[in-house]
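A.B. asks: Each chain, written out:
There are 2 protein chains.
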Amino acid sequence: MFKVRVFVTLRESVLDPQGNAVKNALHSMNFNEVNDVRIGKYMELLIDKNVADLDASVKEMCEKLLANIVIEDYRYEVEEVVAQ
Amino acid sequence: MFKVRVFVTLRESVLDPQGNAVKNALHSMNFNEVNDVRIGKYMELLIDKNVADLDASVKEMCEKLLANIVIEDYRYEVEEVVAQ
Numbered sequence: 001m002f003k004v005r006v007f008v009t010l011r012e013s014v015l016d017p018q019g020n021a022v023k024n025a026l027h028s029m030n031f032n033e034v035n036d037v038r039i040g041k042y043m044e045l046l047i048d049k050n051v052a053d054l055d056a057s058v059k060e061m062c063e064k065l066l067a068n069i070v071i072e073d074y075r076y077e078v079e080e081v082v083a084q
Numbered sequence: 001m002f003k004v005r006v007f008v009t010l011r012e013s014v015l016d017p018q019g020n021a022v023k024n025a026l027h028s029m030n031f032n033e034v035n036d037v038r039i040g041k042y043m044e045l046l047i048d049k050n051v052a053d054l055d056a057s058v059k060e061m062c063e064k065l066l067a068n069i070v071i072e073d074y075r076y077e078v079e080e081v082v083a084q
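Residue numbers (the UniProt record's numbering), protein chains in the order written: chain A, 1 to 84; chain B, 1 to 84.
No wet-lab data here; the hints were simulated from the structure. Treat the hints with care, since some could be wrong.
One copy or two, either will do: identical chains are not told apart, so a pair holds if it fits within one copy or between any two.
Here are the simulated EDC-like cross-link-like pairs (lysine to aspartate or glutamate), alpha carbons at most 20 Å apart as the crow flies [unchecked claim]:
#1 K23 x D48
#2 K23 x D53
#3 K3 x E79
#4 K41 x D16
#5 K3 x D53
#6 K49 x E72
Produce the entire structure from the sequences given, and follow the hints as far as they go.
C.D. replies: Dropping the structure here:
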């Protein structure tokens, strides 16, 4: 089994109102050392070992569903795990 | 400047309806090799280098705001970056 960790983040050029809101909340709690906050999605996928082409498959999932490639970037990490 | 990557995920014991919905959507797109999907939050924080105790500060931010520690786990990674 493969555990694939997918990180989806807004592109640098895209405004992040949610990140801004969290930054302001942290400042109101006196965490003034925080300069910037960017919020994204983190997904863990468990994928069968017998998948034909793991990279192609993960890229396609990201580009078709998991990320909005117009405004988001994605990256992923693969780890082999023992099936539970 | 420190870049802190925070990963917030639902505890294993907590049902993940959002992850389930994504898994079903991937199956409907013929990505049948996907066995499970867990969805979480990914945050990137830029923090001043002169923070007194970075670990204590990040832990407190996570436990007070960024994660709901009743149902979520969090972990983080720290990287030193050049201020832009």
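A.B. asks: Taking the hints in turn, state whether each one holds.
C.D. replies: Structure-based check of each hint:
| no. | hint | result |
| --- | --- | --- |
| 1 | K23 x D48 | between (39 Å within a copy, 13 Å between copies) |
| 2 | K23 x D53 | between (40 Å within a copy, 19 Å between copies) |
| 3 | K3 x E79 | within (5 Å within a copy, 24 Å between copies) |
| 4 | K41 x D16 | both (13 Å within a copy, 14 Å between copies) |
| 5 | K3 x D53 | within (15 Å within a copy, 33 Å between copies) |
| 6 | K49 x E72 | neither (28 Å within a copy, 28 Å between copies) |
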